[in-house]
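Number of protein chains: 2
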Amino acid sequence: MAEMRKPIAVEDAINHVWKHRIAGETEHVSINDCDNRRLAEDIVAKHPVPPFPKSPYDGFALRSADTAEANRNNPVSFKVVEHIGAGQVPEKSLHKGEATRIMTGAKIPDGADCVAMFEICQTYEKDNHSFMSIKRTMDSGQNIIGEGSEVAEGEKLIEKGTIISPGVKAVLATFGYSQVNVARKPVVGVIATGTELLDVGEELQPGKIRNSNAYMIASQIIRAGASYKYFGKLEDEFDASYNMINEALEEVDILITTGGVSVGDFDLMPAIYEELGADVLFNKVAMRPGSVTTVATNGQKILYGLSGNPSACYVGFELFVRPVLQYYLHSEHAFLRRVKATLADDFPKPNPFTRFVRSYLTYENGRLHANLAGMDKSNVVTSLAHTTGLMVLPGGTRGFNAGDEVEVLLLDDQQGQREFKAI
Amino acid sequence: MAEMRKPIAVEDAINHVWKHRIAGETEHVSINDCDNRRLAEDIVAKHPVPPFPKSPYDGFALRSADTAEANRNNPVSFKVVEHIGAGQVPEKSLHKGEATRIMTGAKIPDGADCVAMFEICQTYEKDNHSFMSIKRTMDSGQNIIGEGSEVAEGEKLIEKGTIISPGVKAVLATFGYSQVNVARKPVVGVIATGTELLDVGEELQPGKIRNSNAYMIASQIIRAGASYKYFGKLEDEFDASYNMINEALEEVDILITTGGVSVGDFDLMPAIYEELGADVLFNKVAMRPGSVTTVATNGQKILYGLSGNPSACYVGFELFVRPVLQYYLHSEHAFLRRVKATLADDFPKPNPFTRFVRSYLTYENGRLHANLAGMDKSNVVTSLAHTTGLMVLPGGTRGFNAGDEVEVLLLDDQQGQREFKAI
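Protein chains in written order, with the numbering used here: chain A, 1 to 423; chain B, 424 to 846.
It is worth saying that the hints were derived from the structure and are not from the lab. Check the hints yourself; a few may be wrong.
Which residues of chain B face chain A? A few of them, derived with a C-beta cut under 8 angstroms, are [to be verified]:
#1 I543
#2 Q545
#3 S563
#4 G564
#5 I567
#6 V574
Covered stretches of chain A, going by a simulated chain B footprint (3 or more residues, C-beta under 8 angstroms) [what the hints assert, rightly or not]:
#7 63-72
#8 151-165
Mimicking DMTMM-like on lysine to aspartate or glutamate, the simulated pairs with C-alpha atoms at most 25 angstroms apart in a straight line are [what the hints assert, rightly or not]:
#9 K583(B) with E69(A)
#10 K229(A) with E448(B)
#11 K558(B) with E582(B)
Ideal placement from N, C-alpha and C gives every residue a C-beta, glycine not left out.
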């Protein structure tokens, strides 16, 4: 009855899936709708920043040479020939003994080579003209933000694949990207299988549980920056399941099913892969939870057969689906960031296989601490609510103690890394 | 001309604003639309989990007492009286010598008190009946996930104010929350002021720069979980500006303007606050960047006058606006998480006032490192693109060196903390 499956190592399983990654298409969206999307091109400075020399303060622009004789006992006077605010363009070039009253951010007038802040100037009126005087010397270039002093034209500022954060958006606006070239979101199909599943709105019935995996995965897909399409839940009945999966494949870039991948009498997925003519990459991984995770390909499309167990399903998504989605979205750092942390709790269970422990991360005096998010049984859904990382306990290890160094995959991190392994 | 303003300490400024926080209304949304919203109520287990005793494996449910005599040389046989998959309900109670073939997740039949995995059982047919035998004893309760063993009915699982993550959504689905009670998103109005501002789609013109602050703040508002309404940009002209701000106040919960808060000749916001009859809480803060940050209240509504400088604007939002938005969204951890980190770069500048340095965070051997995101001048927009944290350098300190311990506010963190100060 139960076929014998040969488990493969987690790294090998990831490498198998990774070979089938594809980068998605790109599209232009309004800058108003670009938040949290991924850039599909490098952002290069289209012009120098600032695009003109400007004043960092409110004050007077003048020629530093004219202040050469100024000192505490010898104020030097200037005739104020113009008054400009930010956005106004100075029309007058300065000549010897002339100054321009200038506001923060305004363009420095021709002829001027420094700005004296209001605080060190005296102003007065004489013969219906404005004058200012100064009692100290100024240096050429003093208090002037030079053209291109922040960014030179053509400088590469942001890498393709970066998630558009508030700071990235500010740069896009600065350089006039009213339309932004972003990675198109892949559409990930979701199908839950299992006769035991009730819809979320249904009353509990004996022997049945509500379908939580489909909702959880939809949320994981959103967190990964992709879109989902939910096709509903299937009873453990071959023909209807096969037809639904076959149709769904036409409409999505990637398809995820939950449940039905074990070797139980009602686990239909192996037969469905066979009928589809899909190429099964693996159907058992030396890991806990999620050992029955199955991945197959059908043409260019990847079919994920995740466990029906919520925690196994969750881990299977983060390990095998998320990196492929990040690559589709043009990220150069497609894998979850994996960092060292101090284990905050005892974890006495031995680990015959690589174990991914639901954890939440805290900081203690600059050190990252990994805390157990709850009972680590694969069937415990509630601990997932507090999970912000997956602790990676290598296979073949005995228990771990509070204070031990462990590695953790960060789930809320937006940076990622280039490879699965620890950096 | 330039009024003298008295700067107040950052903590005092935050406390002033904090007094005017209000918690927003709540609303129900479909579970399909609840991602990244904040829960407006505690989530309590509506039923035990699992709701019935179930099997963690594929195998045979039986009575452990019947295995008392079993050993390697004495297999004990059972008649298989029923065959149930997950979601099917056992109809037969087990009597002496009877077993039920049971799949993972299925309900344990009455009478049975343990499950023997397939791997330790032999099966055979005799007289048109299915039988199984076992060569070892079983304990009562062995391989049974007891009713309520994960969660007892009534247990508080998730705190009000928590952001709905994939794991939270799984819990919501498990307990049948097809509609979810979430905090209503506050609507934050955004108005950019400054004659120097061009629209993002406009060609550069002499003396002018593109409006980046409004786009950046819109993105910060989204990151904070709120909604924005952009009212456009205003020239430095009193009547039009006053009217726009007055009208905008009617339509939003909180209003942010950028620019016009300094003491330059074209800075109109102080006069506009006066004309509105708004109560100015402070108009100068002992911090860099963002010293001219102004906050006023108009009835129940807070008006933020943020600096026109992109970095000052950015910092002003995160310090003074974000916590108020988090409180509005019912978060109990409204302030940015503030943690210790190792400074990765030299920062030789002295800090006469509290300085918030744009930083990005990395991990080295389990320690958090704070790296400078770029030149730390308040006018540098491009470094914001790489900013994931704000280093807090206390006022009155001289420079810092690589390796020093510093404190950092985490911008991408979803947990937050209860107070502004370091924990």
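So, going through the hints one by one against the coordinates:
no.: 1; hint: I543; in the structure: 12 angstroms, violated
no.: 2; hint: Q545; in the structure: 12 angstroms, violated
no.: 3; hint: S563; in the structure: 20 angstroms, violated
no.: 4; hint: G564; in the structure: 15 angstroms, violated
no.: 5; hint: I567; in the structure: 12 angstroms, violated
no.: 6; hint: V574; in the structure: 5 angstroms, holds
no.: 7; hint: 63-72; in the structure: violated (count 0)
no.: 8; hint: 151-165; in the structure: holds (count 6)
no.: 9; hint: K583(B) with E69(A); in the structure: 69 angstroms, violated
no.: 10; hint: K229(A) with E448(B); in the structure: 31 angstroms, violated
no.: 11; hint: K558(B) with E582(B); in the structure: 49 angstroms, violated
Violation of the numbered hints given earlier is confined to hints 1, 2, 3, 4, 5, 7, 9, 10, 11; the remaining hints are satisfied by the structure.
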